[in-house]
Amino acid sequence: MAWKSSQRVEPVEMDKNVILCLFHLELSPTPWLLSAIYGPSRVSERSTFWKKMAGVKERFSIPWLMIGDLNGGRYTWRNGRRGLAFAKVRLDRALCDEQWRRLYPAASVTMHPATFSDHNPLLKKVFSMMQGKRSFKFQAAWTRDNRSSLVVKKAWISYSSFNAGTQLLGRQNNTRKALTSWNRNQFGNLQSEIQLVK
Numbered sequence: 001m002a003w004k005s006s007q008r009v010e011p012v013e014m015d016k017n018v019i020l021c022l023f024h025l026e027l028s029p030t031p032w033l034l035s036a037i038y039g040p041s042r043v044s045e046r047s048t049f050w051k052k053m054a055g056v057k058e059r060f061s062i063p064w065l066m067i068g069d070l071n072g073g074r075y076t077w078r079n080g081r082r083g084l085a086f087a088k089v090r091l092d093r094a095l096c097d098e099q100w101r102r103l104y105p106a107a108s109v110t111m112h113p114a115t116f117s118d119h120n121p122l123l124k125k126v127f128s129m130m131q132g133k134r135s136f137k138f139q140a141a142w143t144r145d146n147r148s149s150l151v152v153k154k155a156w157i158s159y160s161s162f163n164a165g166t167q168l169l170g171r172q173n174n175t176r177k178a179l180t181s182w183n184r185n186q187f188g189n190l191q192s193e194i195q196l197v198k
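Here the sequence shown is numbered in the UniProt record's numbering, starting from 1 and rising by one per residue.
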C-alpha cells in the first residue's frame, strides 16, 4: 500500500488479512476509510473474514473503499474451455460504498503488470474530477456580521465521531460548507460583481 505525501493516512487497525486506515486527502471534503485486503486463501476462514468486514461499516459512518485481493479462490472465473481457449480471471478488485462513490464519482482503478508478486498492483485515482476546484478561504469580513458565528456554531456541532481526528475534519468540512453557502446566500458572488464593476 502506498500513497502520495500530500495525503494524511491514519492507521486504525491491522491483522494478517486487512489494514484499515482513515484517509484525509488535501483536496477531499471529508475523510474516508480504506480497507486494504488480502483475503484468506482458506475457504474455512472466509465466512469469518467477511462477517468482520460487514461489521466495519457498522463501526464507521464515513465513506468506505475496499481494495486488494478479495480471494474468492485463486481464480474466480473459468470459461470451461480446454487448451488455448481456456481462460481464468483473478479477483484483485476495488469495491466502495455509495457514500464513497458519491464523493468521488469520477474515480478509476487501473491494473498494472505484476512484477514482484503473482498479484497485479491496483492504482486508485480519486481526483480526476476535482481539477480546478477552488480552495476555501475564510473571509475576515464575515466576522463583522454576527450571524456568521451562529453559522459556525451550528455547523460545528452538527458532526460527531468516535474518533477525535475524524470528528475534527468532519466539523471543519461542515463549517466550510456552511460558511460557503451562507456567504453565497447573504452576499452573492462578490468576485463576479467586482468584475462587473471594473
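What the hints contain is simulated information worked out from the structure, not anything from laboratory work.
Fair warning: there could be bad hints in the mix.
Said to hold, decoys possible - The calculated lysine to any residue pairs, modelled on SDA-like cross-linking and capped at a C-alpha distance of 20 Å, are:
1. Lys57 / Ser161
2. Lys16 / Ala36
3. Lys52 / Ala94
4. Lys16 / Thr30
Claimed, not checked - Beta-carbon label-pair distances, calculated as ranges:
5. Ala140 / Trp50: 31 to 37 Å
6. Lys51 / Asn185: 45 to 51 Å
7. Gly188 / Tyr38: 51 to 57 Å
8. Lys154 / Arg93: 38 to 44 Å
9. Trp156 / Val43: 16 to 22 Å
10. Lys154 / Ala54: 33 to 39 Å
11. Ile157 / Lys57: 42 to 48 Å
Remember, it's a predicted structure, so these values are computed and weren't measured experimentally.
A virtual CB, placed ideally from N, CA and C, is assigned to each residue, including glycine.
>> Need the list of violated hint numbers for this structure, in ascending order.
In response: 4, 5, 9 and 11
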